[in-house]
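Turn these sequences into a full structure, and let the hints guide you.
Protein chains: 6
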Amino acid sequence: MSRIDGRTPQQLRPVTIERGWSKHAEGSVLVSFGDTKVLCNASVTEGVPRWRKGSGEGWVTAEYAMLPRATNTRGDRESVKGRIGGRTHEISRLVGRSLRAVIDYKSLGENTIVLDCDVLQADGGTRTAAITGAYVALADAIAWAQGRKLIKPTRKPLTGTVSAVSVGIVAGVPLLDLCYEEDVRADTDMNVVCTGDGRFVEVQGTAEAEPFARDELDALLGLATAGCAELAELQRAALATTLER
Amino acid sequence: MSRIDGRTPQQLRPVTIERGWSKHAEGSVLVSFGDTKVLCNASVTEGVPRWRKGSGEGWVTAEYAMLPRATNTRGDRESVKGRIGGRTHEISRLVGRSLRAVIDYKSLGENTIVLDCDVLQADGGTRTAAITGAYVALADAIAWAQGRKLIKPTRKPLTGTVSAVSVGIVAGVPLLDLCYEEDVRADTDMNVVCTGDGRFVEVQGTAEAEPFARDELDALLGLATAGCAELAELQRAALATTLER
Amino acid sequence: MSRIDGRTPQQLRPVTIERGWSKHAEGSVLVSFGDTKVLCNASVTEGVPRWRKGSGEGWVTAEYAMLPRATNTRGDRESVKGRIGGRTHEISRLVGRSLRAVIDYKSLGENTIVLDCDVLQADGGTRTAAITGAYVALADAIAWAQGRKLIKPTRKPLTGTVSAVSVGIVAGVPLLDLCYEEDVRADTDMNVVCTGDGRFVEVQGTAEAEPFARDELDALLGLATAGCAELAELQRAALATTLER
Amino acid sequence: MSRIDGRTPQQLRPVTIERGWSKHAEGSVLVSFGDTKVLCNASVTEGVPRWRKGSGEGWVTAEYAMLPRATNTRGDRESVKGRIGGRTHEISRLVGRSLRAVIDYKSLGENTIVLDCDVLQADGGTRTAAITGAYVALADAIAWAQGRKLIKPTRKPLTGTVSAVSVGIVAGVPLLDLCYEEDVRADTDMNVVCTGDGRFVEVQGTAEAEPFARDELDALLGLATAGCAELAELQRAALATTLER
Amino acid sequence: MSRIDGRTPQQLRPVTIERGWSKHAEGSVLVSFGDTKVLCNASVTEGVPRWRKGSGEGWVTAEYAMLPRATNTRGDRESVKGRIGGRTHEISRLVGRSLRAVIDYKSLGENTIVLDCDVLQADGGTRTAAITGAYVALADAIAWAQGRKLIKPTRKPLTGTVSAVSVGIVAGVPLLDLCYEEDVRADTDMNVVCTGDGRFVEVQGTAEAEPFARDELDALLGLATAGCAELAELQRAALATTLER
Amino acid sequence: MSRIDGRTPQQLRPVTIERGWSKHAEGSVLVSFGDTKVLCNASVTEGVPRWRKGSGEGWVTAEYAMLPRATNTRGDRESVKGRIGGRTHEISRLVGRSLRAVIDYKSLGENTIVLDCDVLQADGGTRTAAITGAYVALADAIAWAQGRKLIKPTRKPLTGTVSAVSVGIVAGVPLLDLCYEEDVRADTDMNVVCTGDGRFVEVQGTAEAEPFARDELDALLGLATAGCAELAELQRAALATTLER
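Chains as they are written, first to last, in my numbering: chain F, 2 to 246; chain S, 2 to 246; chain C, 2 to 246; chain G, 2 to 246; chain B, 2 to 246; chain D, 2 to 246.
Heads up, a few of these hints could be off.
Once the Cα atoms are required to be at most 25 Å apart in a straight line, the calculated DSS-like pairs of lysine-lysine come out as [stated by the list, open to error]:
hint: 1; chain 1: G; residue 1: LYS157; chain 2: G; residue 2: LYS107
hint: 2; chain 1: G; residue 1: LYS54; chain 2: G; residue 2: LYS24
hint: 3; chain 1: G; residue 1: LYS54; chain 2: C; residue 2: LYS82
hint: 4; chain 1: C; residue 1: LYS82; chain 2: G; residue 2: LYS82
hint: 5; chain 1: B; residue 1: LYS82; chain 2: C; residue 2: LYS82
hint: 6; chain 1: S; residue 1: LYS82; chain 2: F; residue 2: LYS82
hint: 7; chain 1: C; residue 1: LYS82; chain 2: S; residue 2: LYS54
hint: 8; chain 1: B; residue 1: LYS24; chain 2: B; residue 2: LYS54
hint: 9; chain 1: D; residue 1: LYS54; chain 2: B; residue 2: LYS82
hint: 10; chain 1: F; residue 1: LYS82; chain 2: D; residue 2: LYS54
hint: 11; chain 1: F; residue 1: LYS54; chain 2: B; residue 2: LYS54
hint: 12; chain 1: F; residue 1: LYS107; chain 2: F; residue 2: LYS153
hint: 13; chain 1: B; residue 1: LYS24; chain 2: B; residue 2: LYS150
To be clear, the hints were calculated from the coordinates, so they are not data collected in a lab. Note that this is a predicted model, so its numbers are computed, not measured.
Have a look at this one:
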């Protein structure tokens, strides 16, 4: 059985991770999973939100959004509607939690890093691409802050790496990294966030059409774990080069 | 090892399902999981949202909210703040999706059922209590509508039953149905929604402190499946009695 | 002439005042006037709003709201609409003013008490039930704060008691404590708030259909004064028992 | 005892009612009660709100607002804050109800009249000035609509006249038509809306400091009734002249 | 060729500048350009916005708004809609910038002056009338503050005067100070703000129908410069009299 | 005198116009003026806003926004703040007006084209880059719609071309196409929108520090006209190639 774009069920789309995309942000990554393109900018500011002041600990948060025409039909701007939709809220929270899973707040010191993940073009898997790219932007921002002595160079604010991928069951077959057309036809859709050592940070599975059985869940988890490992390798490779500033 | 309230790791809190709580709603259930109390009101209206008109199919949606002093410290009202928070949005969407998983839209006809799940008192597991109670309110509302011939009495709009429970790992031990104090100390927190036949509708696991390994995930899924089955039995028992209107 | 529910014109509906309803709030009362049920939670916090800091005086305020399906047909949530309606605003202000009429701010010290009055089920007279119940919750919250020495135990922050009732003219007859069906058919509708010593805190009369004459107003004031006195007695009785915490 | 501005307790401030103030509105009145100046514009539009369509009946509504510097210290604009305050809401509703008390919806036909009452300068009693002026603007707008045959010239959409005044107890003395300085020092503050035949449309009394006794209430009602009658006479005089358009 | 109201192309409408209109504001001007009437109130407060604290410099800002029935058909209130429209935002910013062009922040000291420009009646050119009137209100407010020693009497916070006028091309002819009917028919519409010494503060030209050529632009700039000079003279004359407070 | 980036006063920054950037939009252009990068997506939909229905005429509108980290320091998202800022509103309106200046609504038929201009990286002149790029996206969208027969292929909905550039006076010297650092130091800042035949669509000049004299204005207009002509040439060149879809 061959997929719509010719991939095998276990195959990721072509993934690119372009660092230093924007000249302003302390970490800036344009990540693409096939035709899904997300710009992940990390902004470092001294200080923390009020509820955390004096704790000696830092904070990491994220905001996810889509350009109005990132999708096939234009969506209304949330700024014009005057409120953030439920989906946007949910994904922003997911990205933030995923990154915080590999942060040592003490080592960060009282600094805040905001990850802005803006989807420039969407073709399925935007939230998992956002997490995967944001991790790299976060790493670059921390390196920048350590270079400036904002964060002590001897500390290790990152306790690991984190990547994410979507999996789903389409026409009875478990598939890795769904593109939009597959996503629409999926019976079950799952987003999985893993650390580089293969443990889980988030598992979010949803029955879109039919409820799913335990063995299906097991198959999806296996696919996702392998996919995340492959993405972790791509993140490591991307970060191995020197970033010109 | 004994839990804070003396339960075994595999034990649910005392669960009560009180039908017919409000005199106005077509289905009205006060559900409690220990000290967590959620009022689930189902409202039936003829017609469907605009995007569904003419389809011959119905719609089911949900709104979740907390009273300001449902929790230990008072929270600001979202109506006063002028916007719904991310958590509220996320849970409302989860409840709605979970119920729609057992709905046959065709059998419902062009009717809409809204489930309002208002947490009167919170002690952990409010979203899973909401889903479990809302299912019963939904069943009552459908019965009411079939009694009025709004929905054809020969149709079966419910394709199954749905219940939900939280599980988590506290101090290394997988526990069923966390109360608030356990939830706060959990390393991993998972909400699982199952159909009465033991399949999954939603699996949402989050590493609160440490990422979790596959065997931990497996243990949690096992606990949750058993807990949901027990809750399904309680739902069936509650619905077995005749509701005075 | 007999009323819809068999009462005499001068008769209140059955009133119950259940203290200690919620385990979290410092004062928590479920009050019912017939089928109208309002949960009144009092929350004590140290400190006062900014404009009052350093004055040595406390503050009491209230927020009133209805659950979406408290009424016969479902209302949209104000949190979802993103704005508080005029009626909600107006009643919240009325409840707050009514309670402040019996508060000695100096004795309260720089503490704030917020009264949340959430209508769980509505059948007319929700605002007057809210005031009557909130007074009892307020008294419990003050006792709690005095027990904790947050408020000096020798002070008397309450200068009196306060209760409220609706009256109206239906088919030419002045009636006490209108239920919803009576309220809808009333020519004149009046809400009266009295102190325990029989003086007025608020008098709000509105001609719903026909303007009303002075003798009608006098008759309504007489009915309301007697009703408030009866409610004050019920409040005293409710507070006479010891509250288990 | 003489008042701050030399009036007797039973005396209104100088009242002026200037018709035809704006060239655009169908009825436009600049009303002043002493230094309180309110511009009342009546706008006639064909058609009614959706919930009233097909009824053959019209609708009258009102919106009250203050310019930011109508008062002694500048207030923030509600348009900039993005929400209407409770006081604004409450007064808008009061003005609308008061005018509707003298409207025969059938005679109005399916037309809507909106009364915009904008306080240009405030010195106490803005809501009662607004009602008194808005009645005159409403009468002019109806006459305009009858001149254009929008409303049948043979009908009488106005069933009476309506005026309003504030009263209060200051230093133990009941006073008519409080200016701002008196209002601030009042123990009790009452707004009364009467029809031209001396009946009540609204009675809203509030204990600002001390609860008030029945005889104080009676004294205030007497003062207010006389004040409203005087205002009704001024309205009649103002409407007796021919309005140039 | 004669204009709709009989003016020559180079002629302003009758302009009046009435100082001391409101008793509360530190500067209060009712300005009229023909039937356009704008109330400009200047409010002085000690202190500056947070971002300017400690700078020793003051701040001047402006808010522009229209009454709902200032225009021929009633517009919805922005406070009720819950958001400021683009046009309102744009004009508020223009008025603020124009006034700041003649302010020496150092001489102002850490004081803030807010100019509220509320259009009571509109007939074209409301923004330019607002600027012209607001300048006079600003001058009065500064004089008031210097009288109170809030601003040092020896300083000159105003570095010049500022006035504004609209110009446009109607049926091929460049016209000064368009009234509403001319504005609607204009091919090109331009607002010009000048200092008293004839230099430009703002030039905003828009092709409403046809793009305009350089010579047309030159003609419009000539007309506008002359108009602004005439308005500057009227401002000087208005400020030459003594203002009774 | 040499500029910060070595340009002559009359020299544009390197300009690139990349068509077909996004695969979803009917017209999609990534335009860059030096380090300023704006993504301009044109979305075609059948039908027009309600107020235009049945006219046989189309509509073109635009929305401008900045990514939070497009600038040197992160800005809050307007969607999170719940309201659009004045600057955003103003520029959106400017872009829309500029494009409509070259549209023949009749030829467009009852279709709507929305131009989304999202600034990915800002370095001065974002609004003028947006207009220049949006024109090309608009042209591509119209060609697409004519290819689909949505718009009659024989019609010419574009009556000309439109481009825009900023000019300003820095340290006494008039400069073309200011980068951010120049913009900050400019005494006068002007944005000029021209048609391809050299006429003006918009002229918006603002004195940032000193008011400007007529000869300075003339010098700026000259620079801007030449710059727009050069940009028009670049637009023509970009559109001369065949776009792969």
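So, going through the hints one by one against the coordinates:
Pair hint LYS157 of chain G plus LYS107 of chain G holds up; C-alpha atoms about 9 Å apart against a cutoff of 25 Å. At most 25 Å may separate the alpha-carbon atoms for a hinted pair to count; LYS54 of chain G and LYS24 of chain G exceed this at roughly 30 Å. The hinted pair formed by LYS54 of chain G and LYS82 of chain C meets the criterion: a straight-line CA distance of about 24 Å does not exceed 25 Å. Using a Cα cut-off of 25 Å, the hinted pair LYS82 of chain C and LYS82 of chain G holds, with the two alpha carbons roughly 17 Å apart.
Distance check on the hinted pair: LYS82 of chain B and LYS82 of chain C sit about 12 Å apart at the alpha-carbon level, within 25 Å; holds. Annotation: proposed proximity of LYS82 of chain S to LYS82 of chain F holds, straight-line Cα distance about 17 Å (limit 25 Å). Note on LYS82 of chain C and LYS54 of chain S: the hinted pairing holds, with a Cα-Cα distance of about 23 Å set against a maximum of 25 Å. For the suggested pair LYS24 of chain B and LYS54 of chain B, the alpha carbons sit about 30 Å apart, so the restraint of at most 25 Å is broken.
Restraint check: the Cα-Cα separation between LYS54 of chain D and LYS82 of chain B comes to about 24 Å, which is no more than 25 Å; the hinted pair holds. For the given pair, LYS82 of chain F sits about 23 Å from LYS54 of chain D by alpha-carbon distance, which is consistent with the 25 Å threshold. At roughly 23 Å between alpha-carbon atoms, LYS54 of chain F and LYS54 of chain B fall within 25 Å of each other, so this suggested pair holds. A threshold of 25 Å between alpha carbons decides the hint, and for LYS107 of chain F with LYS153 of chain F the separation of about 11 Å falls inside it, so the pair holds.
A hinted pair counts as satisfied when its Cα atoms are at most 25 Å apart, and LYS24 of chain B with LYS150 of chain B qualifies at roughly 20 Å.
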